[in-house]
Amino acid sequence: MLRTRALSGGVHLDDRKISSGKPVEFAGIPPEIVLFMSQHTGAPAKPVVKAGDHVLAGQVVGEAQSFVSASVHASTSGTVKAVEDRYHPILAKPSTAVVIEPDGKGEIWEGIAPGSDDISTLSPEDIVKIARNAGLVGLGGAAFPTAVKLSPPKDKPIDVYLLNGAECEPYLTCDARLMVEEADEIVFGFRAMMKAVGAPRGIVCIEDNKPEAIMAMERAISGKSGIELCILKTRYPQGGEKQLIQVVLGREVPPPPGLPFDVGVVVSNVGTAYSLAKAIRTGMPLVDRVVTVTGAVGSPSNFRVLLGTPVSFLIEKAGGYTGEPGKVIMGGPMMGISLPRTDVPVLKGTTGIVVMTKDEVNLDKPLPCIRCGRCVDSCPLRLLPVWIAAYSDRGMYEEAEKYRALDCCECGVCAYRCPSRRPLVQSIRLAKQAIMEERRARAQKVSG
Amino acid sequence: MIEAILTLGISGLAFGVLLGVAARKFRVEQDPRISKIIEVLPGANCGGCGFPGCSGLAAAIVGGQAPVNACTVGGNAVAEKVAEIMGVQALAVAAKVAVVYCQGSLDVAEKKAEYVGIEDCRALDQLGGVKGCPYGCLGLGSCVKACKFGAMYMSPQGIPVVIREKCTGCGACVKACPRKIIELVPADKQVHILCRSYDKGPQVRKYCKLGCIACQACVRACPLKAISTDRGTLARIDYSLCDNCEICVSKCPVKTIVSYKVREEKAVS
Ligand code: SF4
Ligand code: SF4
Ligand code: SF4
Ligand code: SF4
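Chains as they are written, first to last, in the numbering used here: chain A, 1 to 448; chain B, 1 to 269.
Below, a list of computed lysine-lysine pairs in the DSSO-like style, where the Cα atoms sit at most 30 Å apart: (1) B:111 / A:81; (2) A:327 / B:180; (3) B:175 / A:93.
Ranges of calculated distance between the beta carbons of each label pair, as one might list FRET restraints: (4) A:257 / B:200: 37 to 43 Å; (5) A:153 / B:107: 55 to 61 Å; (6) B:239 / A:445: 25 to 31 Å; (7) A:106 / B:107: 41 to 47 Å.
What the hints contain is simulated information worked out from the structure, not anything from laboratory work. As the structure is a computational prediction, the values presented were derived from the model and not from experiment. Don't be surprised by glycine CBs; every beta carbon is placed ideally from N, CA and C.
Please put together the full structure from these sequences, using the hints given.
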């Protein structure tokens with residue numbers, strides 16, 4: 001058993017994993033599917049279908065346009081109703097989407113051909129190609145194109161691959177359920193990932209509040225050489241890529257633009273490994289994922305959801321609201337984004353939908369900072385959240401940048417710990433946006 | 001922690017002192033035209049010209065990076081003086097005023113959500129806003145805060161209003177608005193289609209009483225063919241063709257089109 005290091009900063013949260021005992025079930029085909037061309041980190045895909053076209057499940061509707069991008073596939077069969085701007089839940093503004101009216105048949109595209117059940121027949125390049133063709137992205141939330149992750153620069157050898165099953169956000173249970181139910185598939189996908197990057201060693205990382213998942217994964221990796229298990233003490237935000245590397249391996253990823261590659265590591269989410277396994281075996285691209293629908297709903301659940309399914313449809317499926325809904329969060333309660341509306345679709349990176357009642361949402365105004373230093377103590381990246389936020393609030397973005405605003409991973413621990421309920425993360429996010437805009441403007445001036 | 005804060009306070013002070021000394025010591029000779037231009041510029045330091053304050057613009061004009069009429073606030077009078085200092089011909093400055101292309105105040109636009117967080121439109125924009133319309137005004141008044149000339153205020157229903165007589169056309173509000181719904185328009189243009197929603201008509205109707213539904217009534221009514229629809233879902237006026245005849249104003253079934261002529265005349269009488 002691996003000896004782990006303590007996470008620097010962070011918090012212990014009440015994990016509220018109320019849906020952890022619920023097996024994954026299919027949510028069904030919704031009346032409308034909305035597939036954004038931008039649901040991953042990188043350049044948006046380009047729509048390759050038009051209104052009136054009939055599409056089948058697995059067929060490409062949006063083509064990746066560059067290296068850091070991902071194709072988008074129809075998640076079920078039906079007719080393309082429109083290619084138009086819809087409100088994008090994460091970008092928080094209208095963005096191009098392919099809208100499909102499902103025919104309810106779920107017919108699969110004839111181009112989908114079963115692949116291989118034997119990883120040894122595949123070359124690393126084959127595996128990268130499968131990930132790329134499947135439009136696969138990291139399913140832990142950040143939605144970074146998997147094919148890019150599986151292609152580390154030649155001069156940066158990878159010696160360890162971490163499989164992230166930490167799921168440190170409260171409420172979310174999609175990864176835990178997947179590990180319980182599909183451990184063998186996950187390990188199959190993980191072995192393919194290790195082969196793709198040439199990593200001799202793989203470590204499955206799970207927090208100790210998921211005993212069932214630990215048991216299942218332990219069984220699945222037994223006898224598989226090079227793969228070990230690492231059980232972590234539950235602490236937020238341990239599932240963050242950098243934090244996980246620090247805790248498990250004691251390696252420090254340099255600040256941005258530093259990447260895990262730089263310390264010889266790649267990290268992927270268990271859901272990604274599962275979807276890669278499916279793509280390898282069946283040839284089916286990424287068209288669905290597991291989403292936890294939980295909180296103040298009739299029956300908190302784990303659903304297998306077709307990408308593009310509206311959030312409102314899922315809340316309905318989970319028994320509707322109990323009590324007066326206050327916040328509907330896409331993602332986990334710490335890092336997710338609260339939605340102003342529920343007619344938005346599930347994206348590739350959507351891990352969960354968490355509903356909070358009005359009573360649970362604190363609408364009190366923030367109080368002045370009392371200089372207690374809790375935010376500073378708890379920041380896992382050892383930043384000074386209070387200063388970055390203070391500079392941001394005064395529009396002093398250059399200073400905020402000097403205080404490493406861009407390093408912030410928006411884990412939310414600082415704001416969670418702040419006794420004055422100061423919206424620290426929001427201020428920091430604003431500074432990040434302003435700094436990036438300024439950089440772009442400068443770059444434009446230079447090139448123009 | 002207290003220690004850390006003290007240190008910061010003290011080092012801040014120390015830096016301040018150092019800077020003062022340094023500024024005195026390293027002062028370099030500069031082109032005398034710069035200080036002359038600074039004298040004739042309005043001194044508002046609004047940044048509307050895109051340079052850091054009036055002195056920044058003065059240096060830029062002398063350095064050839066900005067035209068002599070770059071200060072919209074100062075208008076023609078200032079442009080002429082600057083041109084004289086620079087020894088060139090002055091170019092006319094077209095007076096422009098800011099127009100807010102949204103009327104979605106809380107009494108006409110559907111409110112969908114409650115917001116707790118920092119009072120800054122950019123911050124709210126990152127969350128999608130509280131109204132049904134994803135294009136319209138967010139209502140936290142970042143533009144008003146950016147206006148250094150007191151030319152804007154928030155209406156009680158939460159929509160910014162430009163006091164046209166006070167507006168200098170500096171464009172600070174235009175830059176402050178994350179939804180890009182403020183534009184500088186020639187001051188003599190008085191008829192405006194106050195909507196920026198590209199959603200289709202039925203959708204717009206659901207969330208705003210004053211939003212453009214792209215019915216094309218104005219497009220057909222305009223005798224000068226100054227109106228066309230952008231992406232088929234939003235009517236826009238080509239100001240170079242419009243002569244303020246106001247025919248479209250009465251034709252719009254949802255009252256998206258507004259004439260400031262009427263308002264201004266009313267204000268006079
Ligand atoms: S400053 Fe950023 S990284 Fe640090 S605790 Fe706050 S949100 Fe997390
Ligand atoms: S209203 Fe806008 S353009 Fe006019 S003076 Fe104020 S900030 Fe400048
Ligand atoms: S900055 Fe833009 S969104 Fe904010 S109040 Fe002004 S016009 Fe509205
Ligand atoms: S008449 Fe009004 S609603 Fe119709 S297109 Fe013109 S501005 Fe839009």
